[in-house]
Amino acid sequence: MTTALIFYPTALIIIIFSVLTIFSKKIVYSLISAIVVFMAAGLIFYLLGAEYNAVIQLTIYGLAVPILLAMAIMFTDVRNEKNTIVTGARKFVIITAVLLIAMSVVYLTAIAINLTAIPIFSDANTNLNSFRIFDAITDGFFTSYLIAFELFSILLLAVVAGVSDNAK
Amino acid sequence: MSEFFTDNLIWVILYPLWVFLLIGTGRLFAVRMSKKLLTLITLTGSGLGILFSGGALINILQSGSKEFVFTFIKIQNFLIQLGVNIDKLSAVYLLLLFTISFFIQLYSSSYMSREPKYYRYFGYLNLFNFAMGLLLVSPNLFQIYIGWELVGLVSYLLIGFQYTNPLKSTAAVKAFIINRIGDTALLTGILCIIYIMWTYSVSEFVTLDFSDFNIISSIVYAHTNNFTFTILCLLLFTGVIVKSAQFPFHTWLQEAMKAPTPVSALIHSATMVAAGVFLTIRLLPLLTLSKEILIFIVILGMFTALFCSLCAICQNNVKSVLAYSTSANLGLMIAAVGFGNIDLAVIYLIVHGFIKAALFLSYGMTNNEYTDDTGTTLPPSFIIASFALAGLAFAGLNCKELFFETFKQNTFLRIEFLLTAFMCAVYIFKLCCKYPLAKGKRPHAREQISVWVFLLIITAGTFAVYGSQLGFPFWTAFAGALTAIIISIKAKECKEGKITQICSEGFFIDKFYSRYIYSCYGKITDIANKIELYISNNKFLVSFVKAAVFIAGNIEKYILDAAVNLCAICTKFASRELEHAQTRNIQTYIAYGVLIAGIIFTAILLTYALVINSLGGIG
Amino acid sequence: MLNNIGIYHYLVLGLILFLTGLCGVVISKNIIKILISIEFMLTAVNINFTTFGLYCKNLAFDGYIFALFYIAAGAVELAIALYIFYAMYREKQTSNIEDYGDV
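Residue numbers (this note's numbering), protein chains in the order written: chain A, 1 to 168; chain B, 1 to 619; chain C, 1 to 103.
Taking lysine to any residue and the SDA-like style, the derived pairs with C-alpha atoms no more than 20 angstroms apart in a straight line are:
#, chain 1, residue 1, chain 2, residue 2
1, B, LYS66, B, SER2
2, A, LYS91, B, GLN587
3, C, LYS29, A, PHE23
4, C, LYS29, A, LEU31
5, B, LYS74, A, SER144
6, B, LYS74, A, ASP135
7, B, LYS35, B, TYR119
8, C, LYS29, C, GLN93
9, B, LYS35, B, TYR118
10, C, LYS92, B, GLN587
11, C, LYS29, A, THR76
12, B, LYS168, B, ASN317
Taking CB as the label site, the calculated pair distances span:
#, chain 1, residue 1, chain 2, residue 2, range
13, B, ASN165, A, SER153, 33 to 39 angstroms
14, A, SER153, B, ILE569, 42 to 48 angstroms
15, B, ASN554, C, TYR86, 47 to 53 angstroms
16, B, LEU610, A, ILE147, 38 to 44 angstroms
17, A, LEU155, B, SER218, 42 to 48 angstroms
18, B, VAL549, A, MET74, 56 to 62 angstroms
19, A, ALA4, B, PHE205, 39 to 45 angstroms
20, B, ASN317, A, PHE134, 53 to 59 angstroms
21, C, TYR86, A, LYS25, 20 to 26 angstroms
22, A, THR59, B, ILE599, 36 to 42 angstroms
23, C, TYR86, A, SER153, 22 to 28 angstroms
24, A, ILE147, B, CYS567, 33 to 39 angstroms
25, C, ILE80, B, ASP561, 33 to 39 angstroms
In case anyone wonders, no lab produced these hints; they're calculated from the structure.
Note that the coordinates shown come from a computational prediction; the quantities given were computed from them, not determined experimentally.
Glycine residues also receive a C-beta, built at the ideal position from the N, C-alpha and C atoms.
Based on the sequences and whatever the hints tell you, model everything.
And the structure:
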């Protein structure tokens, strides 16, 4: 019950603020709304039992990414930017596409609720334990996804090296 | 009560790291911290370290060693644990580390007071305290390796502290690279042990804990043949050789003397180089299984002692002499460990650490980085400390007597040891006679306090270490001192021989590293050039290549090029047709792409639903 | 934490966030706003991954790991995108994407 009490307001906040992000006229306001969305997404991760992900989400998307974006906004001259939303044919195209996808996915959901026999969908793991999840995550990192992990570290290194080398 | 110290030792070890991070982040955000506050924080760390490690030592003497660990990484049945393992050895080492670093930090606060990078310097000192503490309390080989790398890094940072000076930054890089050799060897050894344990261990988890290192050693010994085991031990021991500046790799210690003088005292003569001795003692259960390795350790240590003493005699620079002397004395310690006399090694380590610190600090009192050999002057405390180093008085004398006692089964080692003691007296008294006493300059009170505390500890050590009988070592050292005085009086009339030059170059080992290996590289390039010349001069080969090139050219012209042209024509045609869809706006493309994807998705979904409906549903 | 909401609510939330991000990418003119929208899409994907990681018993929390990888990838992507944006901004002096059509 508590989960529902937390989930629905958080979901509402996410939706409202993500829409605000896109439609607000000033870029700084959209950045602030975006921070709210990222933080709320962290709360959603917490509800899903992924506490580690929640922490990472809060630190990276809640702090680091907004700071980077704020730096970028500071570089640019925002005073002259007035009309930040496109009008015309493109808007109709995208809204049509979005509605199409949304309707089809909702339809899929509606039929999938009836298809409970699909084996991977079961109830949530009720005996969640932070340490068990953490063990599973580290096991995954160092056994099945070891190569991916190494590749990602190389990627991060390459980005750091490349950006610092080119930023003259 | 003393339980408290043991339980909370970990906070004392972590405290310097926090101070380092505080300084680092503070400088990053350009926060001005007053120098006094910074010094106070740092000194608090080391002072608490002295208190806690002393308390822990008392507690351990009463109630035995203690271990707290937590799991850092767990992969199936392989555990990397971090934690604190305090036994007698590590408590004594910690006490030595914190005492020396406390007084050296006090000394540095006046020595480096005009240094613009004061903050960075103290940050590094704190990082060093943390790294060395981490190494000393490590419960297993992994944590030792972490600390090992960290101290190497701090050493590199401090050697190249004045990095605008190209000489010093080159020296830092050189010392670091030589250190990497040992680190790599050590890591390879650890990985070999992990592999063997992983394959053959019967226990649930593979941890490489020191508490069950006897079992690990026996498993490793049982599952390797003699040759492999020797190689494994040699790999681990190579790490020790490099870190402790033993024979083939002792040159990095010379480069390390480019660091500020207090750093030389702290890192490069008293504590960090002693990490090698520490690791040898920790690995002793493994090393004792092979007799050849023990003999090798003793021979290497004694040879280094002799060799580096010989080099030290012919040096003129005070710091170089002290560096060679450090290598020589560490050689003695390692030989003592190889001989099985761990107590003597630890005692001599402590005594030598204090003596060397006192020597370096008193050198730094009257000289700075820019003093050349002609302007060097020595304060009286240097001469007092050199009496101790030569083995004429104080704790140094007692230690030399203990060494003489230890080597009593072996006449050869005894004679070699006496030679070393003789030469030790010669080089240190040669310095004392060569450079004049400092006059007129009054050093800062904080510098004096540090030096005299060290001298006091050395003097007190005379009573703590029993065994002085004025035996052979005393008289050889005495003779050495006399020789040194005679040499320095006669030095103006004598000409320098060839041997002196060779010795003063350190038998060209340093040159070997920098020059001979480079010339090997040049020779390989020469050979490659010759092969190339041979091929280009051979007529048959050349005509063959020409024919091949002709055929390949024709193939390229009529087959590959045609294919490429076909592709190009096709692409041109396609692009001309598709050009009309372009609006040069990426967002439009995305919108149309999403629309198309949505249509496809919906179509698939509807088909799927239709199929399911026609089949009469699932389940 | 006991989950009595069920998988679909999370998935629909992820879907809505993703579509909002998609709209943002297509209809906004400011480059930084487009970047924020891309991050929305990544976050939505992460929510989906985490949901599946929780609800699919035979996957042993692999979804959580994927989500972590995605966060790292997103950070990298943002850094590079901002770098490119800055490099272009030095020439054009505008953050309106319609001025960059000739790239």
